[in-house]
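Chemist: Chain residues, written in single-letter form:
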Amino acid sequence: MPELVPATAPRASVPAERANARLRAATRTAFPFLVVGAAWEAVAHAGLFPPRLFPPLESVGAALVRLTASGILPHHVAETLLRLAAGFALAALVGVALGIAMGRSRRAEDIALPLVSIGAPIPGLAYAPLFLLWFGLGNVSAILLVAFVSAFPIVFNTWTGVKAVKDVWVRSAQAMGADNPRLFRLVILPGALPYILTGLRLGLAQAWRILVGVEMLAAVPWGLGWLIFGAREFLNTDVMLAGIAVIAVIGLALENLVFRRLEEFTVVRWGMMA
Amino acid sequence: MSAAGERARSLRRAAVTLLVAAALYEATARSGLFPPALLPTLPAVARTLVATTLDGTMPLHALHTLTRVALGLALAVAAGLPLGILMGRFAAVEGFVLPLASALMPIPSLAWVPVFILWFGLGDTVSILIVFYAALFPMLLNTWSGVRAVNPLWLRAAQAMGADERKLFWKVIMPGASPFIIAGLRQALLRAFIAVIGAEMLAASDWGLGWVIFDAKEFLNTDVMLAALVVIGCIGFVLERLAFGALERATVVRWGMVRAAKE
Amino acid sequence: MTYIELRNVSLTYDTPSRRVPGVDNVSFGIAPSEFLCIVGPSGCGKSTLLNMIAGFLKPTGGEIRIGGKPVTGHGLDRGIVFQDFAQLFPWRTALGNVAFGLEMKGIAKAEREEIARRQLALVKLEAFAHSYPHHLSGGMQQRVAIARALAYNPAVLLMDEPFAALDALTRDDMQRLLAEVWRETRKTIVYVTHNVAEAVFLADRVVVMTPHPGTVQAEVPIRLTRPRDPLSVDFLEHQKELLRHLGGTAAP
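Residue numbers (our numbering), protein chains in the order written: chain G, 1 to 274; chain X, 1001 to 1263; chain H, 2001 to 2252.
Derived from the structure by calculation, the hints contain no laboratory data.
Remember, it's a predicted structure, so these values are computed and weren't measured experimentally.
In this text, a Cβ means the ideal position worked out from N, Cα and C, and glycines have one as well.
Hints are supplied without guarantee of correctness; some may be wrong.
In silico BS3-like cross-links for lysine-lysine, where the CA-CA straight-line distance does not exceed 25 angstroms [said to hold, decoys possible]:
1. H:K2058 / G:K163
2. G:K166 / H:K2069
3. H:K2109 / H:K2124
4. H:K2058 / H:K2069
5. H:K2058 / G:K166
6. H:K2105 / H:K2069
Estimated spans, in silico, between C-beta atoms of each pair [unchecked claim]:
7. X:L1063 / G:R106: 35 to 43 angstroms
8. H:R2019 / X:F1237: 36 to 44 angstroms
9. H:G2061 / G:V94: 42 to 50 angstroms
10. X:K1167 / G:K163: 39 to 47 angstroms
Required output: the full structure, derived from the provided sequences and hints.
Modeler: Below you can see the structure in the form of structure tokens.
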């Protein structure tokens, strides 16, 4: 994924200059939103569309506040996040284990690869009705489906990473007396880490994308996807947009808080970006 | 063992694995542990697949789905490619578009389905727009990256040889950015396919592979579901391998530029 | 007396079309604490030979003995330095890298770090003990690699064109450093290179190999007192002699 922040921030050495530069950068980032927001407001107030369908930003904001205060929105968020965590954790465990097995053992690779390759080109959500049929409506289906779908990028990237561990590292370690278990723990795992992290990152993004869809389909009683889908009945576009805003924030937080930090602590520090 | 021998052995192992998996499935399906409605036997699925193909319904569904993908993708390219190029060339455009794109990207395309349904009603429009949304970002960002990644040395060499702005663009920047653009197109296509299935399930409009699966659930037609999954899998496979392998091979690989754009 | 002995060593490759002899019937011996260089053009089998001594490749014919015992795979009696300076583990600091072999030996942490520090001092990098490899230059990384290979005190040091990827000035520095390290540690060193001047500078004896198939063309002792002056007449004479042996073997 290309780095989204262009490296144009000026380097100032004086604190006042630096604060000034930061303020300018912040304004520059906010500017497009202000423009779009103003345009939206103009259209909403122009009366071209019924306010129910095209709510002005104040309504969306009010819906956001209303739902948060009543505790409804936090409940939806909590349910969604729990499902995400459960599904992703499952995918991570199984996916990394399988990827490592495939990378280390030709036999495991020959057995698992055809099965994984067959499942891969099918969009995750296509499995949803099947899962619903087999496991019923509700949390179990949702979590299993999320786990199933997000496991694919994790398996592929881990497998690639294990195979890509530099031969020169393995040889050096062996020459220094590393036996297989230590080779694995001290060389293969850290060596494959950039790829594993990429896989986990892609898996989390997949899980997130699919979860929202699954919540819409699986008619779970709580969850952001359901919130948005259900709001359709009463034409509550303001609730929908509020929900979408929350989804955006969570998506951003997942990317920046979880993965950036993890990467910075490991592969960036070691100069090993994949 | 030689390379060809290794490949042959892998293929044989793959075939064995698939046969074993299929056999296990059959055994479970026939064992009576699960109702046949939930776990149809492979012959039953095959029969349904053949029947729906012959009577034309499955191909028609596939056609609807693919048309939506094509239209949505075309829109995404029409919007994303020029915009990405502008972003790469002009800092002002980049400064305006990038924050917006960063804010919109983490929103799964399906989240917009209910809003779009309210605005455009059930039907093709919603599916196409969802595909457009899903395909836009990979197209936009990869094109942007590609233009930025054009080696300044190439630009300088071309300018030294007398290239003007337009020639520079068509003969240096576009070919130079092409590995990234193709990577973007590939990602956009995959995202488009994923999005269309979900959109069809939710914006139920009578035709489309996603709709088939969803509808089959209501009537416990698991054989139809699995048949449709097979079709989806084949299409996905074809899309991924053939369409892009060939395109990449004809341009980027031939120029030895593949290393430039691995995502 | 010989410490490392190669007797009729051969290695044939199986390609889809036919069997290619990589190394054919190579025999020579290496005395303890001797600095031996193997010189030859690309494809002469010198790296293959080194890999066989290291135990990464098995000869298809003949045998290799170290200290009287046949070589069966890799072992802690040999340290190896590759050409690729990415051979260091990027997830470990310089100290962590150098201590790896000691860790494998089961030595306690405090003692490991002490020994590792001393090794880094030997290659003049004590100040960078806690730096990660990607912060070090190519020459520095190779120095860490040498320290790492020496840390667990192997009797033999195997080096495969370790300075070939460095710029000329750094290479000269590294050659001088290696000569110093050898003088202080008295390891038996087997050093592979295609650079004739480098061989004359470092070696007690040079084995010249020619390709197609890889065979020993000559064994040339270098009888120059150290420190050696690369610009002296004797030095150039030795170079010329080696080049003569390599002469009529231009690669096709």
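Chemist: None of the hints should be skipped; say for each whether it holds.
Modeler: Results of checking the hints against the structure:
| no. | hint | verdict |
| --- | --- | --- |
| 1 | H:K2058 / G:K163 | holds, 23 angstroms |
| 2 | G:K166 / H:K2069 | violated, 31 angstroms |
| 3 | H:K2109 / H:K2124 | holds, 22 angstroms |
| 4 | H:K2058 / H:K2069 | holds, 15 angstroms |
| 5 | H:K2058 / G:K166 | holds, 21 angstroms |
| 6 | H:K2105 / H:K2069 | holds, 21 angstroms |
| 7 | X:L1063 / G:R106: 35 to 43 angstroms | holds, 42 angstroms |
| 8 | H:R2019 / X:F1237: 36 to 44 angstroms | holds, 40 angstroms |
| 9 | H:G2061 / G:V94: 42 to 50 angstroms | holds, 48 angstroms |
| 10 | X:K1167 / G:K163: 39 to 47 angstroms | holds, 43 angstroms |
This entry does not satisfy hint 2, going by the numbered hints stated previously; all others are met.
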